[in-house]
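Asker: Now for the letters of each chain:
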Amino acid sequence: MSARAQVPAVAEESGLPATLPAARPGSGRTGRGLAWCGRHRVALTLAFLLVFPWITPYQALAVNILVLGLYALGFNLLFGYTGLLSFGHAAFLGGGAYGCGIAIVQFGLHPALALVAGTLLATGIAAVMGVLAIRTRGIYFAMTTLALSMCVYYAFYRAEAFTGGENGLRGINVPSLALPGLRLDLLDPTVKYYAVLAVVGIAVWLFSRLLSSPFGAALEAIRENEGRAQACGYDVRRMKLVAFVISGALCGLAGALQAIHLSIVPIETMHYATSGQAVMMALLGGMGTFFGPFVGAATFALLQDGLATLTTHWQLFVGAIFIAFVLFLPLGIWGEVLARLRRAGW
Amino acid sequence: MSDITIGGFPLDLLALQLVTGIALGAIYVLVGIGLSLIFGLMNVVNFAHGAFFMAGAYVGVFLYGFTGSFWLSLVAAPLAMGLLGLVVERVLVRPLYGRGIDDPLLLTFGLSYVMIESVRIAFGLTGLPFGAPPELRGAVDIGIGYFPLYRLFLIGFALVVVGALWLFIERTPFGLVIRAGARDPQIVQVLGIEIAKVWLAVFALGCALAGLAGILAAPLQGVTPEMGIPVLAEAFVVTVVGGMGSLGGAVLAGLLVGIVVAMTSLVAPDMTKMAIFALMALVLLVRPRGLLGRAGALG
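Chains as they are written, first to last, in this note's numbering: chain A, 1174 to 1519; chain B, 156 to 454.
Don't read these hints as lab results, they were simulated from the structure.
Zero decoy hints are in this set.
A few chain B residues facing chain A, derived, Cβ under 7 angstroms:
# : residue
1 : Ile-256
2 : Gly-265
3 : Tyr-268
4 : Val-395
5 : Lys-428
6 : Ala-436
7 : Pro-443
Label pairs and their computed distance ranges (CB to CB):
#  : chain 1 : residue 1 : chain 2 : residue 2 : range
8  : B       : Pro-284   : A       : Asn-1346  : 37 to 45 angstroms
9  : A       : Val-1304  : B       : Phe-312   : 36 to 44 angstroms
10 : A       : Leu-1383  : B       : Ile-256   : 23 to 31 angstroms
11 : A       : Leu-1483  : B       : Phe-312   : 39 to 47 angstroms
12 : A       : Ala-1497  : B       : Ile-276   : 15 to 23 angstroms
13 : A       : Val-1215  : B       : Gly-162   : 53 to 61 angstroms
14 : B       : Gly-162   : A       : Cys-1405  : 51 to 59 angstroms
15 : B       : Leu-346   : A       : Leu-1475  : 45 to 53 angstroms
16 : B       : Ala-335   : A       : Ala-1446  : 37 to 45 angstroms
17 : B       : Asp-167   : A       : Leu-1483  : 56 to 64 angstroms
In this text, a Cβ means the ideal position worked out from N, Cα and C, and glycines have one as well.
Hey, can you work out the whole structure from these sequences and the hints?
Answerer: What follows is the structure in structure tokens.
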């Protein structure tokens, strides 16, 4: 499958008509409408996110969904596109959040630099975890990443002087953002949303470039058949590590944005449940789809928000809904929509 | 002898701590074996294993409140979890056979949410205190000092369970089917044995072992709805260190993890949790397939 999986991507880039057989079995031939959407996936995603705050219940939730969407997007690079199921991505979200928060609270850095600091810390954590985790394969990978992220959790829990330990890191106050020739009032939820969207937009664009590069095609080849990708001459181990680190960096950026958005980093950001949340969002939305993570993030956030007003035991329903998705809708919401459109010849 | 010291600690204290480590290890062994058994046969990682551990503890503690008999709880907890395991395998996991290897993992992950929240609804958010039963309280002199009787009981009981399990798998006809099924389920099916029934039984057995470990651990730490979450991570460490699907590996790694915890708590109490994961990182660097894992299992 590995050689074939690359072909459509190359054809797409060179503008050739997609007459080659589809990469994935059962997916059928991609119609003209979906192919057009695929080519303009960044523009379409951003267009949706631009109008999104006007269709959610309240705008603070919209910022949450945006940040969670980026988190799920980073996770999806590994799970959906490379086929590696990690249960440790909270370490990167938390690493980014703590890195950004500590840079602001302890060192008084400019928020833009703090975003970079948070992303770098998450990237570093991802590099160390990645080197260890990619030594295992398949199902072991999930277990190893979970255990390693618990280790990071305990380390941050103990480093109270920097992280605030059990109480979380408090006092990340960024009321306004001073940029050259511009002053943004972040207390206004609408301004905040579009400021965050500017950062997320750049990340989405970079992500799309990565996927359509030969490297992105090789990652999908690894997902389809690791052995054959190796036989084709790819350094599978190194590619997996690079994918792991990039995925960690994207999630770290999401964490850094979250720290500024919430002005606090609770220790739970690093907890196992947060790792599980990434898995849930990716699966609810549709793993291995470009727009799926945002659908998943919105679904999860709205579900949590809606259920929490009705019952304190919302996790019971979230768990049950997740089970139902695994059993009956494994493609996720967006994945199912795409599959149906494709079948209808779009 | 008692004035010999290693690293500033008297030898007696170190020896006692070693026995403590073995007692803690007994819990890890039981949890790890259950996980390893299910994986070895079915290629299913049970992410709800920690939740079964927790639910087993709750069932045991709840029954103890009614009957006052710890021995009854010791039977009822694994029995209840075994029955629950039967239902879960039959209704939820079985439809996923033949699909991706990640699917049962994701499903059991969702199941753990449902189980934890159900226990919160039934027993409250805060957890229940629980001590060793009266007949197992106190300490006995084991030659190197006084040692809590309950922990001694833990070691002995785990030894019996592991021994029985070994006999069951290595010396009974059904054990033979399990071993054959782990190697090649299709051939077993061709030979006229319904492999689905074997899977059902083994899944239930693994869950029962998790429940048993839960009620055995309850007197050490009390019970809370979240008690299974760290246990799940630690059980993963045990299986990664020992080598997945290897029962001997689970025993060895479980004891090793227990001893590492006990020794670290002596030297640097703050670092106990991290020491477990440092051990795993070390094994991954030096011997990624685990101490007793087969070469083919990972590479």
